[in-house]
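The hints should help you fit chain B onto chain A, whose structure is shown.
Protein chains in written order, with the working numbering: chain A, 1156 to 1277; chain B, 194 to 324.
In short, the hints are calculated from the structure, not lab data.
Here are the simulated lysine to aspartate or glutamate pairs, EDC-like style, with alpha carbons at most 20 Å apart: (1) B/K267 x B/E255; (2) B/K258 x A/E1198; (3) B/K258 x A/E1202; (4) A/K1248 x A/D1238; (5) B/K306 x B/D291; (6) B/K306 x B/E296; (7) B/K267 x A/E1198.
These stretches of chain A come out as covered by chain B in the derived footprint (C-beta under 8 Å, 3 or more residues): (8) 1201-1208; (9) 1230-1241; (10) 1265-1273.
Only some residues are given here: those of chain B computed to face chain A with a beta carbon under 8 Å: (11) R227; (12) F241; (13) G284.
Ideal Cβ placement from N, Cα and C applies to all residues, glycine included.
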Amino acid sequence: MVKAVTSFGGSGLSDWLVQRVSGVVLLAYFLVVGSFLVCNGAELTYEQWSAYFDSTFMRVFSTAAVLSVVAHSWIGLWSVSTDYLTERMMGGKGTVLRLAFQAASAVVLFTYLVWGIQILWS
Amino acid sequence: MTKSVATVNDKRPVNLDIGTIALPITAYTSILHRVSGVFLVAGMAVLFWLLGTSLSGAEGFEQAKACLDSFWGKLAVWAVLVGLSYHAAAGVKHLIMDAGIGETMKGGETGAKLVFAVTAVMVLLTGLWVW
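So that you can see chain A by itself, here it is in the shape it has in the complex (with noise of 0.2 Å):
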């Protein structure tokens, strides 16, 4: 089996896994948290909206969302990087365009990783 350095989790299997987990994660954070603000509408105070994220189930679930993000991302990127920054579609500079694009995306994923944690555990 060919070992991808670059991917998520080595393997095409993996992250094909990754990938569905984390959209799951993801649809149904957004669904939780979409149907929250639309019950409370825009009478919501800030007492009520600090206190659902207070509560442990939601840090739990809000951090599973920004461990999910990072890596439907990565993913997702690594994939859309691999199949057109290329040297057959980009010309010699192919391999120096994805790996400087995956190196900003890793920056980038990297800091909504530590953001999001701050705001959830501060």
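Leaving out everything else, chain B in the frame of chain A:
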């Protein structure tokens, strides 16, 4: 069998050059799934900012609220919600097809149309909610 000296770095033939063929509706669904995904990576910054600001204190909560009351704030959040709706619908279609449902050409076309239909409804619902 002739001995091949080709390596993986050689220019290998491409059998399917998508630039030269008419694309079916399923291809557009797939490309838009990718486009919306890349867009959402940037869109997440909007959601992280809104969450962080609204949870930073009563003052921050009002600031996030004021942002959602402004034209550009509404437009940005609506764009992210539309992107999320499309990406989620196309993602659920993937899960359904993973289960072996709608894998034929006809099934794929029906699935693609359903994704667009669900998104159209969500464009309206999220629009009504935001504005």
